[in-house]
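Work out the full structure, taking the sequences as your base and the hints as a guide.
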Amino acid sequence: MKTWITYVAAVALGFSATLLLGEFELYGTIVGSLVPVLVDIGIFMLFPMVFVMFCAGISSLRRHARTAMMVGTTILWSIVTAVFLSAAAYAIYQLLPFGFENLNIIASVSAIPDGVNQGATVDIVSMFVGKNAFSQVILSNSHLLPIIILALLVGYALKPNIEVIRPAYVVMNSFSEAMFRLARFFAVLGALFIGLLAANYFNTVNFDELFFKNLRFFAVIGIATATGLFVLLPLLYGIVTGFTRGNPYRILFGTISALIAAFFTGNHLYSTMVLLPTTRRNNQVQKRIAGTALPLYTIIGKGGSAMVATITMMAMVHAATGSLPGWKTGAVMAGICVMFSFLSSWSLGFESLFIMLAAAKFLHIQFQQLDLIFVALLPLLSGIGTLLDTAIGAFGAAYTSRMIVRPMATPYRELI
Numbered sequence: 001m002k003t004w005i006t007y008v009a010a011v012a013l014g015f016s017a018t019l020l021l022g023e024f025e026l027y028g029t030i031v032g033s034l035v036p037v038l039v040d041i042g043i044f045m046l047f048p049m050v051f052v053m054f055c056a057g058i059s060s061l062r063r064h065a066r067t068a069m070m071v072g073t074t075i076l077w078s079i080v081t082a083v084f085l086s087a088a089a090y091a092i093y094q095l096l097p098f099g100f101e102n103l104n105i106i107a108s109v110s111a112i113p114d115g116v117n118q119g120a121t122v123d124i125v126s127m128f129v130g131k132n133a134f135s136q137v138i139l140s141n142s143h144l145l146p147i148i149i150l151a152l153l154v155g156y157a158l159k160p161n162i163e164v165i166r167p168a169y170v171v172m173n174s175f176s177e178a179m180f181r182l183a184r185f186f187a188v189l190g191a192l193f194i195g196l197l198a199a200n201y202f203n204t205v206n207f208d209e210l211f212f213k214n215l216r217f218f219a220v221i222g223i224a225t226a227t228g229l230f231v232l233l234p235l236l237y238g239i240v241t242g243f244t245r246g247n248p249y250r251i252l253f254g255t256i257s258a259l260i261a262a263f264f265t266g267n268h269l270y271s272t273m274v275l276l277p278t279t280r281r282n283n284q285v286q287k288r289i290a291g292t293a294l295p296l297y298t299i300i301g302k303g304g305s306a307m308v309a310t311i312t313m314m315a316m317v318h319a320a321t322g323s324l325p326g327w328k329t330g331a332v333m334a335g336i337c338v339m340f341s342f343l344s345s346w347s348l349g350f351e352s353l354f355i356m357l358a359a360a361k362f363l364h365i366q367f368q369q370l371d372l373i374f375v376a377l378l379p380l381l382s383g384i385g386t387l388l389d390t391a392i393g394a395f396g397a398a399y400t401s402r403m404i405v406r407p408m409a410t411p412y413r414e415l416i
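Residue 220 in this note's numbering sits at position 220 of the sequence shown, with consecutive numbering throughout.
No lab work stands behind these hints, which were simulated from the structure alone.
A couple of the hints might just be wrong.
Ranges between beta-carbon positions, derived for each pair [to be verified]:
1) 164 x 363: 50 to 60 Å
2) 363 x 206: 23 to 33 Å
3) 80 x 29: 13 to 23 Å
4) 411 x 204: 31 to 41 Å
Just so you know, even glycine gets a beta-carbon here, dropped at the ideal spot from N, CA and C.
Printed below as a string of structure tokens:
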């Protein structure tokens, strides 16, 4: 059965289970204790996969002189999407300036999460010294940059330009194929994980206080998300590919399972585990592109988080001052959010919050505890930001791959 069907069914099952069993304390305890383990399993598997895939991908790209194109298109797509999504968020809030209606949710939060503070002062050198599967080599368990750098060095040396290197190149390429097979296995069985993740999500998020009492604000967020996901990203993809490299909505359809995983975890690394096999199989992205571009997008492809941060920051300024930020002020906020989005990956799971806090500090804006509203709304806002970030990665990998070779559409019966 297709993953988009099983993942949607898993969400429905998780919602139904919460409706039936949500009042029982044991249910919440069991589900709540399983969820962190399930997310950690996905991230644990991702690190060695990225190392092997990136090594094989870089060596193959060097062999065919395509490395510069992959890097250039990845950076270009990340910048373009961040700028346009943040600009769209700024324009939408100017047209629909609906702020927070329930400020009492501040009482449910005591402080900014520690993970955000760590993201601003991370010591990159200390990350290269044992909590992921490569624990004897790399210390970081929440960022792919150290693994990517190590894989880049190995992959650079694996270019099969002399006879003695070719066996190592072939072996690494075979290992990469095995990693994609393992990722596909995880994506298919991941529906079981999503069922539990969704059950915990519906059981722990207070929709009455967070969502329904701030309905107008989330209406703006919803309009911005729909605009970004169904209008801007497909349109930008069509523009950069000259409207000749496939249907962008087919790409979106092929990544439904990864988008669902992104929303219910708020974790870009976990959603990438699902995105790797679905992008390659469903969207016909070359293995060497999927294995190199998608890990890079977990670092710099944060336009969705920048969009959420822009809207929320403007709403907070609106609530703090009682007046809507002017067009010039709003444009500056959006631009600063774009700038800090490229550093937000150091705060895994808190990207949008990091962007907003860093931008506010840079602009010397004092929210007077209003920033705790974002923390209270984090389960909803973080999921939306990660969903858009995952979509950016899917479109970006397809864009790069289609600049190298024109693919054939995958028949529906062969979709994962």
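Evaluated hints:
1. For the pair residue 164 and residue 363, the beta carbons lie near 56 Å from each other, so the given range of 50 to 60 Å is met.
2. Between residue 363 and residue 206 the beta carbons are some 31 Å apart, a value that agrees with the proposed interval 23 to 33 Å.
3. Distance hint check: the CB atoms of residue 80 and residue 29 are about 45 Å apart, inconsistent with the given range 13 to 23 Å.
4. Checked against the given bound of 31 to 41 Å, the beta carbons of residue 411 and residue 204, roughly 40 Å apart, stay inside it.
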